[in-house]
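K.L.:
Here is how the chains run, residue by residue.
Number of protein chains: 4
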Amino acid sequence: MRHPNRRWILTRGVALGVALIAHPRRAAAQASPASVGPANPALLDDLVAANRILVDQGVLDGYGHVSVRHDRDASRYLMSRSIAPELVTVADIMEYDLDSNAVDPRGRTSYLERFIHGEIYKARPDVKAVLHSHSPSVIPFGATGVPLRPLYHMSAFLWVGVPVWDIRTASGESTDMLVRNPALGRSLAQTLGARPVALMRGHGNVVVGDSLPQVVFRGVYTEVNAKLQGQAMALSANVSYLDPEEAKKAEASIAGTLGRPWELWKRKVSTK
Amino acid sequence: MRHPNRRWILTRGVALGVALIAHPRRAAAQASPASVGPANPALLDDLVAANRILVDQGVLDGYGHVSVRHDRDASRYLMSRSIAPELVTVADIMEYDLDSNAVDPRGRTSYLERFIHGEIYKARPDVKAVLHSHSPSVIPFGATGVPLRPLYHMSAFLWVGVPVWDIRTASGESTDMLVRNPALGRSLAQTLGARPVALMRGHGNVVVGDSLPQVVFRGVYTEVNAKLQGQAMALSANVSYLDPEEAKKAEASIAGTLGRPWELWKRKVSTK
Amino acid sequence: MRHPNRRWILTRGVALGVALIAHPRRAAAQASPASVGPANPALLDDLVAANRILVDQGVLDGYGHVSVRHDRDASRYLMSRSIAPELVTVADIMEYDLDSNAVDPRGRTSYLERFIHGEIYKARPDVKAVLHSHSPSVIPFGATGVPLRPLYHMSAFLWVGVPVWDIRTASGESTDMLVRNPALGRSLAQTLGARPVALMRGHGNVVVGDSLPQVVFRGVYTEVNAKLQGQAMALSANVSYLDPEEAKKAEASIAGTLGRPWELWKRKVSTK
Amino acid sequence: MRHPNRRWILTRGVALGVALIAHPRRAAAQASPASVGPANPALLDDLVAANRILVDQGVLDGYGHVSVRHDRDASRYLMSRSIAPELVTVADIMEYDLDSNAVDPRGRTSYLERFIHGEIYKARPDVKAVLHSHSPSVIPFGATGVPLRPLYHMSAFLWVGVPVWDIRTASGESTDMLVRNPALGRSLAQTLGARPVALMRGHGNVVVGDSLPQVVFRGVYTEVNAKLQGQAMALSANVSYLDPEEAKKAEASIAGTLGRPWELWKRKVSTK
Chain A
36 MRHPNRRWIL
46 TRGVALGVAL
56 IAHPRRAAAQ
66 ASPASVGPAN
76 PALLDDLVAA
86 NRILVDQGVL
96 DGYGHVSVRH
106 DRDASRYLMS
116 RSIAPELVTV
126 ADIMEYDLDS
136 NAVDPRGRTS
146 YLERFIHGEI
156 YKARPDVKAV
166 LHSHSPSVIP
176 FGATGVPLRP
186 LYHMSAFLWV
196 GVPVWDIRTA
206 SGESTDMLVR
216 NPALGRSLAQ
226 TLGARPVALM
236 RGHGNVVVGD
246 SLPQVVFRGV
256 YTEVNAKLQG
266 QAMALSANVS
276 YLDPEEAKKA
286 EASIAGTLGR
296 PWELWKRKVS
306 TK
Chain Z
36 MRHPNRRWIL
46 TRGVALGVAL
56 IAHPRRAAAQ
66 ASPASVGPAN
76 PALLDDLVAA
86 NRILVDQGVL
96 DGYGHVSVRH
106 DRDASRYLMS
116 RSIAPELVTV
126 ADIMEYDLDS
136 NAVDPRGRTS
146 YLERFIHGEI
156 YKARPDVKAV
166 LHSHSPSVIP
176 FGATGVPLRP
186 LYHMSAFLWV
196 GVPVWDIRTA
206 SGESTDMLVR
216 NPALGRSLAQ
226 TLGARPVALM
236 RGHGNVVVGD
246 SLPQVVFRGV
256 YTEVNAKLQG
266 QAMALSANVS
276 YLDPEEAKKA
286 EASIAGTLGR
296 PWELWKRKVS
306 TK
Chain X
36 MRHPNRRWIL
46 TRGVALGVAL
56 IAHPRRAAAQ
66 ASPASVGPAN
76 PALLDDLVAA
86 NRILVDQGVL
96 DGYGHVSVRH
106 DRDASRYLMS
116 RSIAPELVTV
126 ADIMEYDLDS
136 NAVDPRGRTS
146 YLERFIHGEI
156 YKARPDVKAV
166 LHSHSPSVIP
176 FGATGVPLRP
186 LYHMSAFLWV
196 GVPVWDIRTA
206 SGESTDMLVR
216 NPALGRSLAQ
226 TLGARPVALM
236 RGHGNVVVGD
246 SLPQVVFRGV
256 YTEVNAKLQG
266 QAMALSANVS
276 YLDPEEAKKA
286 EASIAGTLGR
296 PWELWKRKVS
306 TK
Chain W
36 MRHPNRRWIL
46 TRGVALGVAL
56 IAHPRRAAAQ
66 ASPASVGPAN
76 PALLDDLVAA
86 NRILVDQGVL
96 DGYGHVSVRH
106 DRDASRYLMS
116 RSIAPELVTV
126 ADIMEYDLDS
136 NAVDPRGRTS
146 YLERFIHGEI
156 YKARPDVKAV
166 LHSHSPSVIP
176 FGATGVPLRP
186 LYHMSAFLWV
196 GVPVWDIRTA
206 SGESTDMLVR
216 NPALGRSLAQ
226 TLGARPVALM
236 RGHGNVVVGD
246 SLPQVVFRGV
256 YTEVNAKLQG
266 QAMALSANVS
276 YLDPEEAKKA
286 EASIAGTLGR
296 PWELWKRKVS
306 TK
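Residue numbers (this note's numbering), protein chains in the order written: chain A, 36 to 307; chain Z, 36 to 307; chain X, 36 to 307; chain W, 36 to 307.
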C-alpha cells in the first residue's frame, strides 16, 4: 500500500481535522497516480462477468458495484466507471489506488462510494474482491437490526455474525447516506472487521471475498439467506441456525465447490 | 417553463369555482383545442420508453398511464391514447390541454382518468411528468393506511410523507373508484400537495417528477420500498426509517444519479 | 339446453341411485353426441389464447382448464383434450354436450373434471366461459376460509362474496378431491350460485364470465387480489375493502375496459 | 427390478455392520466396479431433462442432484458428474454401484453427497429415482420443524408425513452438513423410511419416486406446497389440510396424470 502524499494532507487536512474518525491518516492524492500496468485479461473478464451475474441473480439493480484487487499490485484495485453494472464491459474498467484515486480517468466518472472498496482493501490484505449492493432482501435486516444468521449450509459464511453499520453513528450527524469519503469508508471497514459481510442501515450491504467467485457466491447467498430467514421467522419463533462449529466446517467444505455455480452463472450471462 | 396563457386561466378559474360537488360536469371547452405544435421527438421517445420501462419494472400492468408536460407549452401535456402501456408507440401519443381535452383526437379514445394528469399539471407548475399506476406492493398500503416511509436512500423522496387519498371522502359518496372528472382530479391534486407521491385507497397511486426519468425512478422505488417495508415490518416492530434530514440529503444526492438507471432501463426495453 | 337421453338413465341410473347428491337427474349419454357444427374460428383462436394467457399470467400451470360455450348452440361447450394448457392448439379443442360427453372423441382423452364446466353451463345460462385453476395465491384462502374480498377496483367483481366449496361436505365422505362426476359438478355449481368466483377447499377455484376475455380477466385479478390481500392482512388488522356500492360501480366501469388487457395479453402469447 | 447380485449383498452386509460411528470410512471396494452395460438412451435423455426441469421450476439452483436407477441392473444408478444441474448433458452421466462407487470415472468428479442416492436405493427397492435439492421454500420448514402438510391435492403425497433429518443428531457431533459418507446416507434413508420426502435441517430435502417423472413432480409440488403453506399459516391459525383418506385417494388419482406436466416441462427445457 502506498502512503498518501504530503500535498493532499496540506490541502484537505484542515477540513478533516474535525472529522468523524479518530485518525484520518490515509487519504487521496490529487494528481492521478501512474498505472501499475495492465491487469490479467481473464481477471477483467471475470470482473465484467461478476457485474452481470450479480444483476442476473437479483443482488444488484441499476446501482451497486463490485471490484477486484489488481493482480500485479496489491495497492491497486479495478472497478467499472460509474455506470449500471449490467452495462459494464472491459472498456469501462478503471484502475484505482487504495485512496480511491482513479488512474488515467480521461473524463470518466467514478462511483461516489468507491471509498468502500479502497478502505476495505487497505484494512483487509486478505480481501481480493469487494461488493457493495442494495441486495433487496437484506435491506429489511439492516433497517430492523434483526441479526442475519446462517439458515443453511450455503450461507454458512454468515456464522461469524453480520454487523450493521450505521452511518449516522459513524459520522455523528445526518448524512446523505453515501460513503463518499475515505473517513466513512474506514469506519465501515472497521465495523466489517474480519467478517465477510456487513449491513449498512438504510442502504444495503458490503461483501468481501478472496476472489471474484467467492464474493459473488457470498453476495448471492446472503440475499437468499435473508429471504429465507424472513420466511422462517414468520413460520415460527424457534428457528434453528447452523451452530458455529458446523457452520465453520460447512463454510470450508462449500469453499471447495464455488467453481460449480461460478461456471454456471458465467455461462448464463455470456449467452445473454 | 412557460406560463399558462390567459385563456387557460379564465377557463380554469371557472372550473375551479365548483369544487367537489356531486355531479361536476366537464368545465372545459367541448371543442377540441388547437395544437401548440409538435413536441421534441426525443421527448416522445422518452415517453414511449417510460411506458415500457414501468411495465418491465413491474409498476404497470395492462393498466395505468404516464404523461409528460409539452416542451413547447406548459399548458399542454402528452399522453398515449387508451391502450396498454406496453403497446404504446410514438404514433399513439396525443396532446391534451390542462382541462384534459384531447387535441385532434381523430376518434382515438382517451384514458378515462386523464384528469389526474391535467389537474396535477395545473396545481404543480414544477411538475413535468405524472404517473398513475396500480403498483402492486403499494396497494396494501393504500388499503390499510399504514404509512409508506423511506426504508433506504433509494426511496428517500418519500420522506415528506405519502398521503392516502380516499375517493369516497372526496366525492362524498360511493363512486366507481375512477378519477373520471376534473373535480376528482383536483381533489387528488390537493391531497398530493407539494409531495412526490400520493396513494389512492382501493386503487393505486400517483407519482410526479420534474422529468420522465425522475417520475419513472420514483415509481420504481416506491414499489420497491413498499415491498421491502412490508418485509421489514414482518421482521420486527422496530423499523428504522431514514430521518428527515438524512432523507433530504439522500434525495438530493440520488437526484444526481438518475441517468444511470434511466440509461439502463431504456436499453432494456429497446432491445425487447 | 338438451335433456339427457333415456338410454343413459337406464344404464347408469342404478349406480347413481345411492350417490351423494339428492337429485342426479342430468347425466351423460354413452353414445357420442352429434356435433352442432364447427365453431367460429375466431372463438377457437381465443380459446387457445385464453389457455396460454392464463399460464403466462401465473394462473394456470401444467393443470387446469378453460372452456367456452359453443357460439352456435348453447347446449354445447368447447374445451381442449386433456393436455397442459400451455400446449393447447386449435386441433386439440373438442366439443362437449352439457353432460360433458365428448363429441367425436376419436380416442382423445378428456379432462377428468370436465363436469365442472358442463354443470355450470347448465345452471348458469348467462355464463359463456368457465375456468378451473389451481391459482396459487388463492389456495391459502380456500384452505383457511379467510374471505377473499376486493382490495381494489380491478377485482371489484369479488364484492358479491367468494364462497368456499368443500368437496367433503358435498359428497359426505372423503374423496380424491376431483370433480369427477356430474353430481359433484352440480354441487359446485350450486355453491357458486350467481357469483363469478368460488374457491374449492384443498384444490383451487372456479371462475366464470360472459366471455373469454372476461373469464381471463377475472382469473388473473382473483390471483392478484389474493396475493395483495395476504400482504395487506400482514400489514394491518384494519384493511379497507371496496364497499358494495363502489365495488358494483367499479365492476361496471372496468367491464368496459377489458379489451385493453385482452389485446395486450393475446399479443404477448402470440409472439412467444 | 432385478435383485441385487450376491457380491453386492456381501459387500453391503459388512458396510452396514458399522452404523453411525464417528468416522465411517468407505466400506465399498476402492477399485472401480465394472459396468452393467449401457442404459436405455431414453432414460438418459429423461435424466438430463429432469435436471433441467428442476432448475426451470425453481427447485434446483447451481447445486443439488437427481439420479435414476439403472434400467438393466437394480444395483446400479445413474447420475451426472459433479456439475451444475442446468449444464448436465448425456455425456456427463456416470454409473454408480449402490455403495456409490463410480464406474469408469476417467477423472470425472462425483458429487460429494452421492451417498444419499446409493443408500436410499439400497433401503428402498421400490424407489427408481432420487432427488436431493435445496428447494428454497422448503428450507424454512427444515429449520423450524414446522410440519409440511398437504394443502391441496397436488401435494397429496405429503400426507404420510415429512420427517426432518438432523445430521447433528445422526452423527452425534457437528458436521459440515454434507452427507459425505455411506453411514450418513443410511441414517438419512432410515429417517425417510417408506415416505416420499424428508427434510434435512439446515440443508434441503430428499425426494424419491418410482420414476423420473414422479420424482420431478414431487420435487416441484413439495416446493409449491411449502410456499403456499407459509402463506396460509400467515393468513390464519386454522389451516385445513387434506385429511389422510382424501390425500391417499388424491395421490392415487394424480399419479395417473403425471404425464401431463412431464411432457410440458420436457418441452419447455428442450426449446431453451
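Everything labelled a hint here was simulated from the structure, so no lab data went into it.
Among the hints, erroneous ones may be present.
[To be verified] For lysine to aspartate or glutamate, the following EDC-like pairs were computed, each having C-alpha atoms within a straight-line distance of at most 16 Å:
(1) A:K303 <-> A:E121
(2) Z:K303 <-> A:D80
(3) X:K303 <-> X:D91
(4) W:K301 <-> W:D139
(5) X:K301 <-> X:D139
(6) W:K283 <-> X:D211
(7) A:K301 <-> A:D80
(8) X:K283 <-> Z:D80
(9) A:K283 <-> W:E208
(10) Z:K301 <-> Z:D139
(11) X:K284 <-> Z:E121
(12) W:K284 <-> X:E208
(13) X:K284 <-> Z:D80
(14) A:K283 <-> W:D81
(15) W:K303 <-> X:D91
(16) X:K301 <-> X:E121
(17) Z:K301 <-> Z:D80
(18) A:K301 <-> W:E208
(19) A:K303 <-> W:D91
K.L.:
Check the structure against each numbered hint from earlier and tell me which ones fail, lowest number first.
P.N.:
Hints 2, 4, 5, 8, 10, 11, 13, 14, 18 contradicted; others consistent.
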